[in-house]
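Q: One letter stands for each residue in the lines below.
There are 2 protein chains.
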Amino acid sequence: MSFATSEYKERIRKTKERMMQKGIDVLLITDPANINYLSGYDGWSFYVHQMLVVIIDEEQPMWIGRGMDANAAKVTTWLYRENIIPYPDDYIHSDTKHPMDFVAGFLKQIGQEKRSIGVEMENYYFTAKSYEQLKKGLPNASFQDATLLVNWVRLIKSDAEIEYMKRAAIIAEKAMQAGIELIQEGIRECDVAAKIFYTQITGTEEFGGDYPAIVPLLPSGEKTSTPHLTWTDERYKDGDAVILELAGCYKRYHSPLARTVQIGKPKEEMETLSRVAVEGINACLEMIRPGIAAEEIEETWRKTIEKSGFVKESRLGYSMGCNYPPDWGEHTVSIRKGDKTILQPNMTFHLIPGLWLDKYGFEVSESIRITETGCETFAKLPRDLTLKELV
Amino acid sequence: MSFATSEYKERIRKTKERMMQKGIDVLLITDPANINYLSGYDGWSFYVHQMLVVIIDEEQPMWIGRGMDANAAKVTTWLYRENIIPYPDDYIHSDTKHPMDFVAGFLKQIGQEKRSIGVEMENYYFTAKSYEQLKKGLPNASFQDATLLVNWVRLIKSDAEIEYMKRAAIIAEKAMQAGIELIQEGIRECDVAAKIFYTQITGTEEFGGDYPAIVPLLPSGEKTSTPHLTWTDERYKDGDAVILELAGCYKRYHSPLARTVQIGKPKEEMETLSRVAVEGINACLEMIRPGIAAEEIEETWRKTIEKSGFVKESRLGYSMGCNYPPDWGEHTVSIRKGDKTILQPNMTFHLIPGLWLDKYGFEVSESIRITETGCETFAKLPRDLTLKELV
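Protein chains in written order, with numbering that gives the first Met the number 0: chain X, 0 to 390; chain Y, 0 to 390.
Just chain X, with the same shape it has in the complex:
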């Protein structure tokens, strides 16, 4: 297990507090990060239906999942054996049976069928069909949207979580340096991606790395005009810019990091864009402190870059930490206009001022922790456009 049992129990206590406030008796948790956060469960089994059930008047949660994954629950969680509930394999990818039918039957069996049931309506792993089947199977229950209920509990990190994110940042720095070192005219994009993957997973001599929730993103050339392309097996050319966005991951905790590399001489417009973005992020890092609202960071960014005539339409960052594919973001706080969340110590954000224009773009990002008096970046690498002279 990644944390002391007492830490898991404290997380359950906070979750139940929020359930009480919302009048939820039974919480069905399908977000794999929330399942991990409350139980320790860790396995690549989220491609089939599984959940953690928190019942307001039961001490321990229950894990419900596919039979072959029950041993993984025994190995990775703090739950009693009898709280690990496997369902049979013929519920998998079947057109006649759905795992939520099993869940509904189980909840009936333990007398929960008339209660107020919270479900994570907006989660990758709670499909439209899941909800339909649950409603059919539990006609006397009342359902409530509990999207992000546990995510909000995750917002302020414990010292143990921060320690994991620091380790993740050490890995992120190493992976970024490995990528930057290899990028050069004539090198294939896939070979840079491979080197980054290797470094992310091998980690350091003291600790190994876990798989990040997002693969390295490394658009190059004109493809820097968009952030979410991965790589090809084409070779870099003189004049290409390469955006590297990656994370280190340690025991499911992330420290994302983005930098931009220029092969050969940068165009003047790229020099300007990079200077503006770095000025913008630097201005933010100076003003971030507990007590301000998330949107104030975006305001500082906006006002700094608009002096040079730039506008960024997308949000400037988001809360992050423990996660699984397809996203390392927590989907709670966004650093943008209108988000009035007040910053508190041990909140952690990915601050990502990417600017994507029509034919090129630039990214520089930092993962940060709110401290007692300001903020600190997890990684410590120069932010400027990284120049790679031709060799």
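Hints were generated in silico from the structure; no laboratory data involved. Note that the structure is a prediction, hence the values are computed from the model and not measured. Some hints here could point you the wrong way.
Below 27 Å or equal to it, Euclidean Cα-Cα: the simulated DSS-like pairs (lysine-lysine) are [as the list claims (entries may be wrong)]:
no.: 1; chain 1: X; residue 1: K358; chain 2: Y; residue 2: K73
no.: 2; chain 1: Y; residue 1: K358; chain 2: X; residue 2: K73
no.: 3; chain 1: X; residue 1: K73; chain 2: Y; residue 2: K266
no.: 4; chain 1: X; residue 1: K135; chain 2: Y; residue 2: K21
no.: 5; chain 1: Y; residue 1: K173; chain 2: X; residue 2: K173
no.: 6; chain 1: X; residue 1: K21; chain 2: Y; residue 2: K134
no.: 7; chain 1: X; residue 1: K21; chain 2: Y; residue 2: K135
no.: 8; chain 1: Y; residue 1: K73; chain 2: X; residue 2: K73
no.: 9; chain 1: X; residue 1: K134; chain 2: Y; residue 2: K21
no.: 10; chain 1: X; residue 1: K339; chain 2: Y; residue 2: K336
no.: 11; chain 1: Y; residue 1: K339; chain 2: X; residue 2: K96
no.: 12; chain 1: Y; residue 1: K336; chain 2: X; residue 2: K96
Reference listing, derived: stretches of chain Y covered by chain X, where coverage requires no fewer than 3 residues with Cβ under 8 Å from a Cβ of chain X [claimed, not checked]:
no.: 13; region: 70-84
no.: 14; region: 126-135
no.: 15; region: 214-227
Where is the CB? At the ideal position from N, CA and C, for every residue including glycine.
Dock chain Y against chain X, hints included.
A: Chain Y only, in chain X's frame:
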């Protein structure tokens, strides 16, 4: 683009044929593999809502996605620019706006609001909330479950797709050999995982690798009793068995492969288990041919292993090919009792006879193609328990 425009058009034609049969006028496709299959779209942007809209009486589909990903759609798809519809960034992870509100508004605007609309109810990327918002936004539409509609079109591969899977298999073989070579007493699990990742992505000198939809799974020791654990930074011990399940991936097409490695002398029970499983898969590979039903393969397996007193409760395999995280399986055909799908040439399956007992387990798998007269495995590696003598 990965395929000729004519191949994409043929896929659209087949999709519309199925839409006609089901009376669907407008198909909203949220499965990233289906989006890729029909449009070519490829980017790690499926962590936000995006879709491909196929309208029965329109020539081309439309891509709807986040503004910053529109350039990725321009780069990777065969769609006209005007068929790429971006939505503003304030729809992202917002508690007041949902991307499906935008979609509903757009469908109204183009006069589709009263039609029969197909949605993929059982897909990771179509949440319960997505469906609720669509129903609210389009009260005059009738909704139909179109889960797997496009997946069934994907079942029989074109020769171009088979070629990609062959390339994926070359990468899978290399990655498996790299993992097996490194595994030894005293080596850390994460270092083996890192080596596998490196090999998966760097690929060969002729072509690079893409990221598989599932990370390498490599449970060891007692953890071989369950299939979906990833790795730790612990060191292997004399006597450990290690299951390696991984895939090669080329342009989103997969060839999964599993083998089991024994460090030091195997226990007698592991020798028996591995012998039985290999006999079982060999018996299947001999009998598989076009014209038989999927369930007949499972019957052969079951009867072969039950002679030695073994039972496998989980399915024996599934259809696979093009995919994105979290799964490389296509969720159509399962090789198990009750699946009466008749095998046809160029169907492709992952045949995975894993046996997980209480304290240990064994896996050996093959990705196969149905040929005109039988089947062929994509990879060619020995199937027996791989023995690694202590050094």
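Q: Evaluate each hint against the coordinates.
A: Tested hints:
Annotation: proposed proximity of K358(X) to K73(Y) holds, straight-line Cα distance about 12 Å (limit 27 Å). Of the pairs offered as hints, the one joining K358(Y) and K73(X) holds, with about 12 Å between alpha carbons and a cut-off of 27 Å not exceeded. With a C-alpha separation of about 23 Å, the suggested pair K73(X) and K266(Y) falls inside the 27 Å cut-off, and the hint holds. The suggested pairing of K135(X) with K21(Y) holds, with an alpha-carbon distance near 24 Å, which does not exceed 27 Å.
At roughly 25 Å between alpha-carbon atoms, K173(Y) and K173(X) fall within 27 Å of each other, so this suggested pair holds. With a CA separation close to 25 Å, the supplied pair K21(X) and K134(Y) stays within the 27 Å bound. About 24 Å separates the Cα atoms of K21(X) and K135(Y), which keeps this hinted pair within 27 Å; it holds. Of the supplied pair hints, the one linking K73(Y) and K73(X) is violated, its CA atoms being roughly 47 Å apart against a limit of 27 Å.
At roughly 25 Å between alpha-carbon atoms, K134(X) and K21(Y) fall within 27 Å of each other, so this suggested pair holds. Restraint check for K339(X) and K336(Y): the C-alpha separation of about 55 Å exceeds 27 Å, so the hint is violated. Simply put, K339(Y) and K96(X) have alpha-carbon atoms about 16 Å apart, close enough for the 27 Å limit, and the pair holds. Between K336(Y) and K96(X) the CA atoms are separated by roughly 14 Å; this keeps the pair inside 27 Å, and the hint holds.
With a threshold of 8 Å between beta carbons, the proposed coverage of the region 70-84 of chain Y by chain X holds, since 4 of its residues qualify and at least three are required. Residues of the region 126-135 of chain Y with a Cβ under 8 Å from some Cβ of chain X number 6, which satisfies the need for three, so the listed coverage holds. Given a C-beta distance limit of less than 8 Å, the hint that chain X covers the region 214-227 of chain Y holds, as 8 residues qualify and 3 suffice.
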